[in-house]
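Engineer: These are the residues of each chain, in order.
2 protein chains.
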Amino acid sequence: MGEHSGKGWRHCVVVGAGLLGASLAGAGKARGLFVRTTGVGRSAANLATARARGFLDDTTSDLARACADADLVVLATPVRTALEQLAEVAANTPASCVITDVGSVKGPIVAEARRLGLAGRFLGAHPLAGKAESGAGAADVDLFRGATVVLTPCHVTSARLRERIRMLWERLDARVLEMSAAEHDEALATSSHLPQMVAYILAAAADGAPARERIVALAASGFRDTTRLAASDPDMWTDIAQLNRAALLSAIDDFAALWAKLRKAVDEEDEAALRELIAAARRLRKAVAP
Amino acid sequence: MGEHSGKGWRHCVVVGAGLLGASLAGAGKARGLFVRTTGVGRSAANLATARARGFLDDTTSDLARACADADLVVLATPVRTALEQLAEVAANTPASCVITDVGSVKGPIVAEARRLGLAGRFLGAHPLAGKAESGAGAADVDLFRGATVVLTPCHVTSARLRERIRMLWERLDARVLEMSAAEHDEALATSSHLPQMVAYILAAAADGAPARERIVALAASGFRDTTRLAASDPDMWTDIAQLNRAALLSAIDDFAALWAKLRKAVDEEDEAALRELIAAARRLRKAVAP
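Protein chains in written order, with our numbering: chain A, 1476 to 1765; chain B, 1476 to 1765.
Any given hint might turn out to be false.
Note that identical chains are pooled: a pair holds if it fits in a single copy or bridges any two copies.
[Stated by the list, open to error] Listed below are the simulated SDA-like cross-link pairs for lysine to any residue, each with C-alpha atoms no more than 20 Å apart in a straight line:
#  : residue 1 : residue 2
1  : Lys1739   : Asp1710
2  : Lys1739   : Met1711
3  : Lys1736   : Arg1750
4  : Lys1739   : Ala1520
5  : Lys1761   : Gly1612
6  : Lys1606   : Asp1700
7  : Lys1482   : Arg1650
8  : Lys1736   : Arg1758
9  : Lys1739   : Thr1713
10 : Lys1736   : Pro1685
11 : Lys1606   : Arg1703
12 : Lys1761   : Glu1608
13 : Lys1761   : Trp1712
14 : Lys1482   : Arg1641
15 : Lys1504   : Pro1709
16 : Lys1606   : Asp1745
17 : Lys1761   : Ser1609
18 : Lys1504   : Asp1648
19 : Lys1606   : Arg1699
20 : Lys1761   : Arg1687
21 : Lys1504   : Glu1751
22 : Lys1504   : Thr1535
23 : Lys1761   : Pro1709
24 : Lys1739   : His1630
Just so you know, the hints here were simulated from the structure itself, not pulled from any lab data.
Just chain A, same shape as in the assembly:
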């Protein structure tokens, strides 16, 4: 047992062989970080694809068994599933095995890890990487190159565990940031979950409009860009909305307050108020896409 050559991992078990899981397995193998990879999942197609591409050495649907011989377990299933699987992983891995995840909401899984007494060997991670396609077929050993990965240690997380997980992501050419799970979830509520909700509601508004057909005929690149996220997976987003409920509600309320301000400015033809909102938007946009 134990780590491989001080920096790598002897046996990495990836739970969920979708885009992120398969990419991580393949990227780690390609860079010599993992001696062996095992994929656990319910989708036989994803597992077979990831194996055929050389990203996984073994595949199974038996989570407990795969865990028995793991040095590193990466939960790469949807957020709610990962949360439910953590106890089983904890119960079936050796005490030296490190556990991490790639979920986009961190509070609940970090809390669950503490509840399970895993604070010493669980460290949550969230790679901000993705693409339009999903599944192992779209997996890419360079998916994390240049991506930001957030690690969410708590006060009992050891410096050594932080260092090992940081090293893992840096070897995949990602940029690593650390913050608390609460800080992560608060920021993500606005940077990711709010745009998702905005895209859904904008598209839903057009869907319900009496002029729907004309709106569709006249939708140009601006509408398409702003609603691109509306094509996203409903299962994933209903889970995220529930798991990050408090922070998302706060972001929804902030948006609503500004929306009401906008309505008032348009209604009263208050050009100064409208320009103030636009100036704030342009300032932020410049910071995000200089």
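Take the given structure of chain A and dock chain B to it, following the hints.
Structural biologist: Below, chain B without anything else, positioned relative to chain A:
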């Protein structure tokens, strides 16, 4: 005077030599639709660029004088400016001269044309074409290829005028739709003006958030796509918000009603209600980007 060879125009005067005006002049010349083009504008740089690129034969800042010998005048200035210039164009063009525009709000200019007694020779147009860059330097003789162009005749517009303007755009390889100015403005409020406001308010919400710095650090492609429009020109959008005020307010209210529904669904963890909103969004998104 009069038209050239039954299909083209002897002298086309383009007012405003920005992206749309310079592209239209160049596209028409490239296809032999215009024997001569004159650009009128306040920006000496745009005029010089469009002339150097061969899109304009002459340039001037004297609108009245340019109009005196025009067969076709195209108002390609910002919507409010075009509205203000229409009377001067009307007063200085021969009675046989056709007048059109390219503005993204149609109600006010169509009403102004009727007030000026121009119903027989004015026909509003809105090409749904653009690019990130602006100005004559970004002009492109193929800008309208495949683009949708909306013509907004009223009940006194002659079939011949509709046919001539339709032909003009079709010769530039655009797809022409006809509807009333009110129908256009109602649909655009949702298909174009609402996404613009959504992008502004989403970016403004992030700008005002206590976690602003972390939000900027964690903003990924979803946030960037959804706020892309927030970089848009404030002058143009304060004008549009005022000129299409009633339809925009209605679209803002429709969005607010669905936003409140979303808030309730998230707050009450009402998964069915959330899924219903998402399903509407995905249905519309599929219609817009199949």
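Engineer: Under a CA distance limit of 20 Å, which applies to lysine 1736 and arginine 1750: within one copy, between copies, both, or neither?
Structural biologist: Classified as within; 12 Å inside a copy, 28 Å across copies.
Engineer: Is it within a copy, between copies, both, or neither that the alpha carbon of lysine 1761 lies no farther than 20 Å from that of arginine 1687?
Structural biologist: between (33 Å within a copy, 13 Å between copies)
Engineer: If the cut is 20 Å between Cα atoms, do lysine 1739 and threonine 1713 qualify within a copy, between copies, both or neither?
Structural biologist: between (32 Å within a copy, 13 Å between copies)
Engineer: How would you classify lysine 1482 and arginine 1641 at a CA-CA limit of 20 Å: within, between, both, or neither?
Structural biologist: within (11 Å within a copy, 68 Å between copies)
Engineer: When no copy is named, should lysine 1504 and threonine 1535 be tagged within, between, both, or neither for a Cα gap of at most 20 Å?
Structural biologist: Only inside one copy: lysine 1504 and threonine 1535 sit 18 Å apart there, 66 Å across copies, limit 20 Å.
Engineer: Between copies, within a copy, both or neither: which fits lysine 1761 and tryptophan 1712 at Cα up to 20 Å?
Structural biologist: between (28 Å within a copy, 18 Å between copies)
Engineer: Since the copies are identical, ignore which copy is meant and state whether lysine 1739 and histidine 1630 lie within 20 Å (CA to CA) inside a copy, between copies, both or neither.
Structural biologist: neither (46 Å within a copy, 35 Å between copies)
Engineer: Using 20 Å as the alpha carbon limit, work out where lysine 1504 and proline 1709 are close: within a copy, between copies, both or neither.
Structural biologist: Result: close neither inside a copy nor across copies, 32 Å intra and 50 Å inter.
Engineer: At most 20 Å between CA atoms: does that hold for lysine 1606 and aspartate 1700 within a copy, between copies, both, or neither?
Structural biologist: So lysine 1606 and aspartate 1700 pass the 20 Å test inside a copy (15 Å) and across (13 Å) alike.
Engineer: Could you figure out if lysine 1761 and glutamate 1608 sit no more than 20 Å apart (CA to CA) within one copy, between two copies, both or neither?
Structural biologist: Cα proximity of lysine 1761 and glutamate 1608: across copies only (16 Å, versus 28 Å in one copy).
Engineer: Evaluate lysine 1761 and serine 1609 at a C-alpha cut-off of 20 Å and name the case that applies: within, between, both or neither.
Structural biologist: between (30 Å within a copy, 18 Å between copies)
Engineer: Under a CA distance limit of 20 Å, which applies to lysine 1739 and aspartate 1710: within one copy, between copies, both, or neither?
Structural biologist: between (36 Å within a copy, 18 Å between copies)
Consistency note: the structure conflicts with the earlier hints numbered 4, 5, 15, 16, 21, 24.
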